[in-house]
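Peer 1: Sequence:
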Amino acid sequence: EDFILREKITHFDHERIPERIVHARGSAAHGYFQPYKSLKAITKADFLSDPNKITPVFVRFSTVQGGAGSADTVRDIRGFATKFYP
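The opening residue of the sequence shown carries number 1 in the UniProt record's numbering; numbering runs sequentially from there.
I should point out that these hints are in silico values taken from the structure, not numbers from a laboratory.
Possibly wrong hints are sitting among the right ones.
Here are the simulated DSSO-like cross-link-like pairs (lysine-lysine), alpha carbons at most 30 Å apart as the crow flies [to be verified]:
(1) K8 / K53
(2) K53 / K37
(3) K83 / K40
(4) K53 / K40
(5) K8 / K37
(6) K83 / K44
Build the full structure now, drawing on both the sequences and the hints.
Peer 2: Next comes the structure, spelled out in structure tokens:
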């Protein structure tokens, strides 16, 4: 076996990326989105033009915590991301 390759892969898989650590906590949900009326006049997105179309969606909520040494009085920032699967 190639122990050096295995060690490199293990290190890569377990590496902590500082930019991503602040977004590590969060909650998510899968669901469905259906517009209550056609939005054809303001968008080209097909899934928003038909009120009868049901589109799968993934939503993620996250909190951003300050870095090391940041003040405790700083406001708690929250994130929100939505991905549609038309």
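Peer 1: None of the hints should be skipped; say for each whether it holds.
Peer 2: Quick rundown of the hints versus the structure:
no. : hint      : result
1   : K8 / K53  : violated (47 Å)
2   : K53 / K37 : holds (11 Å)
3   : K83 / K40 : holds (20 Å)
4   : K53 / K40 : holds (13 Å)
5   : K8 / K37  : violated (53 Å)
6   : K83 / K44 : holds (17 Å)
In terms of the numbered hints stated before, the structure departs from hints 1, 5, listed from lowest to highest.
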